[in-house]
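Trainee: Please arrange chain B on chain A, whose structure you already have, making use of the hints.
Protein chains in written order, with numbering that gives the first Met the number 0: chain A, 0 to 371; chain B, 0 to 371.
It is worth saying that the hints were derived from the structure and are not from the lab.
Don't take each hint at face value.
For identical chains, the list gives no copy identity; a pair is met inside one copy or between any two copies.
Claimed, not checked - The list that follows gives simulated cross-link-like pairs (lysine to aspartate or glutamate, EDC-like), each with its CA atoms no further than 20 Å apart: (1) LYS215 with ASP162; (2) LYS72 with GLU112; (3) LYS212 with ASP330; (4) LYS244 with GLU353.
Each chain, letter by letter, is given below.
Protein chains: 2
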Amino acid sequence: MATTTNENRESIIKSLKGTGNTILDELNKGDNPSVSIPLRTLSNVYFDDSDQLIKLGNKKQKRAFFNAGQSKKFMQTMLMAAQIKELLEQNQPALSTRQLYYILKHSIPGLKENTFDDQSTESDPVIEDIEVMIDYLREQLNLVAVPKGVMSGPITIKDMKTDDVIDYTKMGTAGGAVPPSVEKDVLQIKDCSADYVLVVEKFAVWNLLNQQKYWKKNNCILLTGKGQPARAERRLLARFGKELKIPIYCFCDMDVYGYYIYSVYKQGSINLAFFSEKAGTPQAKYLGFAIDDVKRFDIPRSSWIKLDKHDIKRLSEVSKYDWFKKKEWQDELKKIKEFGYKIESDALVAKKIEFTAKEYLPHKIENKLFLD
Amino acid sequence: MATTTNENRESIIKSLKGTGNTILDELNKGDNPSVSIPLRTLSNVYFDDSDQLIKLGNKKQKRAFFNAGQSKKFMQTMLMAAQIKELLEQNQPALSTRQLYYILKHSIPGLKENTFDDQSTESDPVIEDIEVMIDYLREQLNLVAVPKGVMSGPITIKDMKTDDVIDYTKMGTAGGAVPPSVEKDVLQIKDCSADYVLVVEKFAVWNLLNQQKYWKKNNCILLTGKGQPARAERRLLARFGKELKIPIYCFCDMDVYGYYIYSVYKQGSINLAFFSEKAGTPQAKYLGFAIDDVKRFDIPRSSWIKLDKHDIKRLSEVSKYDWFKKKEWQDELKKIKEFGYKIESDALVAKKIEFTAKEYLPHKIENKLFLD
Numbered sequence: 000m001a002t003t004t005n006e007n008r009e010s011i012i013k014s015l016k017g018t019g020n021t022i023l024d025e026l027n028k029g030d031n032p033s034v035s036i037p038l039r040t041l042s043n044v045y046f047d048d049s050d051q052l053i054k055l056g057n058k059k060q061k062r063a064f065f066n067a068g069q070s071k072k073f074m075q076t077m078l079m080a081a082q083i084k085e086l087l088e089q090n091q092p093a094l095s096t097r098q099l100y101y102i103l104k105h106s107i108p109g110l111k112e113n114t115f116d117d118q119s120t121e122s123d124p125v126i127e128d129i130e131v132m133i134d135y136l137r138e139q140l141n142l143v144a145v146p147k148g149v150m151s152g153p154i155t156i157k158d159m160k161t162d163d164v165i166d167y168t169k170m171g172t173a174g175g176a177v178p179p180s181v182e183k184d185v186l187q188i189k190d191c192s193a194d195y196v197l198v199v200e201k202f203a204v205w206n207l208l209n210q211q212k213y214w215k216k217n218n219c220i221l222l223t224g225k226g227q228p229a230r231a232e233r234r235l236l237a238r239f240g241k242e243l244k245i246p247i248y249c250f251c252d253m254d255v256y257g258y259y260i261y262s263v264y265k266q267g268s269i270n271l272a273f274f275s276e277k278a279g280t281p282q283a284k285y286l287g288f289a290i291d292d293v294k295r296f297d298i299p300r301s302s303w304i305k306l307d308k309h310d311i312k313r314l315s316e317v318s319k320y321d322w323f324k325k326k327e328w329q330d331e332l333k334k335i336k337e338f339g340y341k342i343e344s345d346a347l348v349a350k351k352i353e354f355t356a357k358e359y360l361p362h363k364i365e366n367k368l369f370l371d
Numbered sequence: 000m001a002t003t004t005n006e007n008r009e010s011i012i013k014s015l016k017g018t019g020n021t022i023l024d025e026l027n028k029g030d031n032p033s034v035s036i037p038l039r040t041l042s043n044v045y046f047d048d049s050d051q052l053i054k055l056g057n058k059k060q061k062r063a064f065f066n067a068g069q070s071k072k073f074m075q076t077m078l079m080a081a082q083i084k085e086l087l088e089q090n091q092p093a094l095s096t097r098q099l100y101y102i103l104k105h106s107i108p109g110l111k112e113n114t115f116d117d118q119s120t121e122s123d124p125v126i127e128d129i130e131v132m133i134d135y136l137r138e139q140l141n142l143v144a145v146p147k148g149v150m151s152g153p154i155t156i157k158d159m160k161t162d163d164v165i166d167y168t169k170m171g172t173a174g175g176a177v178p179p180s181v182e183k184d185v186l187q188i189k190d191c192s193a194d195y196v197l198v199v200e201k202f203a204v205w206n207l208l209n210q211q212k213y214w215k216k217n218n219c220i221l222l223t224g225k226g227q228p229a230r231a232e233r234r235l236l237a238r239f240g241k242e243l244k245i246p247i248y249c250f251c252d253m254d255v256y257g258y259y260i261y262s263v264y265k266q267g268s269i270n271l272a273f274f275s276e277k278a279g280t281p282q283a284k285y286l287g288f289a290i291d292d293v294k295r296f297d298i299p300r301s302s303w304i305k306l307d308k309h310d311i312k313r314l315s316e317v318s319k320y321d322w323f324k325k326k327e328w329q330d331e332l333k334k335i336k337e338f339g340y341k342i343e344s345d346a347l348v349a350k351k352i353e354f355t356a357k358e359y360l361p362h363k364i365e366n367k368l369f370l371d
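Only chain A is shown next, with the shape it has when bound in the complex:
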């Protein structure tokens, strides 16, 4: 399957060097050096209908050295780019953005200023600037976030950093942890015989299905991001989508949070539009829990939870999102509002402990009862 590569590393170093050299040339010529950075504001985020992904537009901003309002940020950008390049050249381990902040935070000799004083308002935005500027994800720059998910099923991966080969049919009741980076220089998909990927919103549901060996009986990959997924699970699902070419189904709560989590896996999110382009999985389908399932499977009334004011407000908001504009979703959202209740995916045990694994999921998948 996919072959691993360190090409990214070389390309990134080359790209960062290129940026640096251009700046140097401009300085030598007596010009005002600057970099051009794609805007990450809401006005430059759009939903690409044909790709079904949230994307970043073409608007850019200039950041110049000889500009009182931009000078500090310009220098921070240069410091950050130089540090990322150095860490890559030295083949250092992946770090968190906080660790990188600490590496770069220091006083400037002769000045009262620090290079950086705050992570969330200073160093993190500059990292994001560099990501979009050179068109690589932070994980490819060797910067990682905390992963959350676990998975099981007939897939074998090779960890290129440690040479370990991990067989996700042998990971016990724990399942195999999703690593902080799932990029190709770390994670190589060696082998996969799964017929589909089932992404489960909640750990409790994943845990029940995993114990029931659902993945074995149904020959699938069973993945959970434990609620709202971290970057690693989103990117992993995107790789599954692109490389395995098998169907991907999401199983979430029938409530606004469930819908939203599905849409984050599928289309991405507005506040991480750049990441979303590379970590969305447009072919993912919403398996459930869906409004028609309530009657179809005769879900007991004791499992229904009344919608509160906040739910109803969020339902209206979600129904205005471009990616929920399809008729099937508009119908679904309208029906939920009329129904007046939400239903959690964990509630299906009230039918029977084996109901989800033996009746619900097989019926939905066999009859292709999905929302897209």
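Mentor: This is chain B only, laid out in the frame that chain A set:
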């Protein structure tokens, strides 16, 4: 090493049956049936100085059937105990307490009442009552919470539910996920050659050490609960403490949250006193980051973070806890207050990326520079 056993299951079923039969006898005799439940209120929680653990005292409350104020809760307790017993007898998979709530929540024929209407105020407290009543943890009753942690190092476990043998030296950059239950009927320690266990508060620090193969070079188990640990990591560390008989060191931030997380691993927590007795690790030592390390290792000023009002208030609170009453801790807390800054464990990369793995940890461990 430890041999696995289903004895617990049999004992629990027996104990629950015993409770039920006693109630039946009382009913047949025309008595007012009742159960006696150890109190879980603050007034019945104490710090056991000799065991160095937070424990539940001996105070009990009676819950009777023929008592207007207790009747509903009595019946809920009986329903819950019967359901737990049935699930154990049927050898069902482990469930979350929310799933169990959904199984039990239903209308009562002929009445307008439901068995349970809320999880956090009704069914969860009753589960806790049953835990303390029969002196078994909910994990032993087959009820599990969401685990968070990962680990690596020279330890091999056998998952008794799946028969998988998991070697934590071969888990790649992900590390091996901690399963939701680490009880003996699930997790058997097959083999461990580690010299000590290093528990790391933060995932970013764990991730750096794991990539640097710290566990291999120093022959240890490297575990993180990703901040405040879940039940599974606390219980796993307790098992390591009891069964492996090797030193256990905690590496946290030098701030009140870091101290608190250390104390949760070591002594437990007040709000889960019953769990703490069984999931505390009294022999755990605080390796750092400690106030004397600032000078000892010449930590750059740019890594210091000024204590805010909230930090100072929490420092005073923590210094009054029984388990921080030892002179060494009182001195430490006093010195931090005087110093006026906190230092995060991830900040040590500012010294050098390999500083933590190659200098800090080996020096601290070799010279036994711990707080107890």
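Trainee: Which earlier hints turn out false for this structure, listed by number in ascending order?
Mentor: 3, 4
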